[in-house]
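Make a model of the complete structure from these sequences and hints.
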Amino acid sequence: MLQRIKVNLEAVEAMLYFWMAASEKENVAEKFFYDVADMPGLSCAYDEEFNGESVRRALSAIKNREPFAGNKKELKFWNNNMWMMEDFEYTNAMASPVKKLNLDNLVGKLAQLEGANKYDEVEVIFSPLHSDEYIITGNKLVVNFFRVRPDFAGDKTYIGEIELNEYIEEKLKELINK
Numbered sequence: 089m090l091q092r093i094k095v096n097l098e099a100v101e102a103m104l105y106f107w108m109a110a111s112e113k114e115n116v117a118e119k120f121f122y123d124v125a126d127m128p129g130l131s132c133a134y135d136e137e138f139n140g141e142s143v144r145r146a147l148s149a150i151k152n153r154e155p156f157a158g159n160k161k162e163l164k165f166w167n168n169n170m171w172m173m174e175d176f177e178y179t180n181a182m183a184s185p186v187k188k189l190n191l192d193n194l195v196g197k198l199a200q201l202e203g204a205n206k207y208d209e210v211e212v213i214f215s216p217l218h219s220d221e222y223i224i225t226g227n228k229l230v231v232n233f234f235r236v237r238p239d240f241a242g243d244k245t246y247i248g249e250i251e252l253n254e255y256i257e258e259k260l261k262e263l264i265n266k
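Numbers given in the numbering used here equal positions in the sequence shown, counted from 1, plus 88.
Certain hints may be false.
Once the Cα atoms are required to be at most 25 Å apart in a straight line, the calculated SDA-like pairs of lysine to any residue come out as [said to hold, decoys possible]:
(1) 164 x 135
(2) 187 x 160
(3) 259 x 175
(4) 187 x 259
(5) 228 x 262
(6) 259 x 242
(7) 160 x 148
(8) 228 x 115
(9) 151 x 197
(10) 206 x 223
(11) 187 x 202
(12) 244 x 262
(13) 161 x 255
(14) 206 x 224
(15) 151 x 127
(16) 151 x 115
(17) 94 x 251
(18) 266 x 204
(19) 94 x 249
(20) 161 x 237
(21) 259 x 189
(22) 187 x 225
(23) 259 x 207
(24) 113 x 135
(25) 187 x 105
(26) 188 x 175
(27) 113 x 89
(28) 259 x 97
(29) 187 x 198
(30) 161 x 206
(31) 187 x 102
(32) 161 x 122
(33) 197 x 149
(34) 164 x 247
(35) 259 x 98
(36) 188 x 244
(37) 266 x 208
(38) 94 x 250
(39) 228 x 140
(40) 161 x 223
For the record, the hints were derived by calculation from the structure and aren't laboratory data.
As structure tokens, then:
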């Protein structure tokens with residue numbers, strides 16, 4: 089029976105560091121790129137077009153300020169990462185609500201659903217993906233951090249047109265029903 093919803097921000101935290109370091113022309117070790125590429129939030133998106141080497145190449149090109157050539161998914165990933173470094177105020181406005189996210193109130197609701205007994209714990213991972221809005225794999229919901237949209241006027245956060253908590257609840261229901 090579902091007892092816990094874990095929020096995993098490992099990839100987002102790592103990338104916040106990278107975006108700041110790269111924008112300030114600090115040296116970022118090559119090992120960092122391999123470590124990021126191995127994180128579950130990114131590796132679950134790997135297929136024949138996008139893999140750990142895609143992540144490493146894109147981040148290395150950003151760090152070294154080199155042109156980047158790749159397939160559609162690789163270019164989208166590279167472009168999204170470049171975009172994060174253009175406006176840190178906006179990037180931080182995206183990260184702040186995700187860092188404060190508390191999903192404890194959803195445990196009771198989701199535990200009532202048929203199929204909720206499959207997992208004791210589900211994990212919501214925020215990760216900088218290429219084009220997928222979200223990925224469900226096993227007991228994990230991976231949400232594309234690049235799709236987080238703060239609303240400065242209303243003090244809410246959205247993914248698409250759906251408020252963040254509502255969006256996560258909807259996708260966790262989908263995960264449980266799979």
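Against the structure, the hints:
1. 164 x 135: holds (15 Å)
2. 187 x 160: violated (30 Å)
3. 259 x 175: violated (29 Å)
4. 187 x 259: holds (19 Å)
5. 228 x 262: Distance ~11 Å between residue 228 and residue 262 Cα, so the pair holds.
6. 259 x 242: Holds, at roughly 23 Å.
7. 160 x 148: holds (18 Å)
8. 228 x 115: Violated, because 33 Å separates the two Cα atoms, which is more than 25 Å.
9. 151 x 197: With a Cα-Cα distance of about 44 Å, the restraint between residue 151 and residue 197 is violated, given a limit of 25 Å.
10. 206 x 223: holds (18 Å)
11. 187 x 202: violated (30 Å)
12. 244 x 262: The hint holds at about 23 Å.
13. 161 x 255: Since the Cα atoms of residue 161 and residue 255 sit roughly 24 Å apart, the hinted pair holds (cutoff 25 Å).
14. 206 x 224: holds (15 Å)
15. 151 x 127: Between residue 151 and residue 127 the Cα gap is close to 19 Å, so the pair holds against 25 Å.
16. 151 x 115: holds (8 Å)
17. 94 x 251: holds (19 Å)
18. 266 x 204: Distance of about 10 Å is within 25 Å: holds.
19. 94 x 249: Judged against 25 Å, a Cα distance of about 24 Å means the pair holds.
20. 161 x 237: holds (21 Å)
21. 259 x 189: holds (15 Å)
22. 187 x 225: holds (22 Å)
23. 259 x 207: Holds, at about 15 Å.
24. 113 x 135: violated (31 Å)
25. 187 x 105: holds (14 Å)
26. 188 x 175: Judged against 25 Å, a Cα distance of about 21 Å means the pair holds.
27. 113 x 89: Answer violated: residue 113 to residue 89 is near 48 Å, above 25 Å.
28. 259 x 97: holds (17 Å)
29. 187 x 198: The hint holds at about 22 Å.
30. 161 x 206: violated (33 Å)
31. 187 x 102: At roughly 13 Å apart (the allowed maximum being 25 Å), residue 102 and residue 187 satisfy the hint.
32. 161 x 122: holds (18 Å)
33. 197 x 149: Violated: residue 197 and residue 149 sit about 44 Å apart, past 25 Å.
34. 164 x 247: holds (18 Å)
35. 259 x 98: Status holds; Cα separation ~20 Å.
36. 188 x 244: Holds: residue 188 and residue 244 sit about 12 Å apart, inside 25 Å.
37. 266 x 208: Cα-Cα ~15 Å, so holds.
38. 94 x 250: Satisfied, since the Cα-Cα distance of roughly 21 Å is no more than 25 Å.
39. 228 x 140: holds (19 Å)
40. 161 x 223: holds (15 Å)
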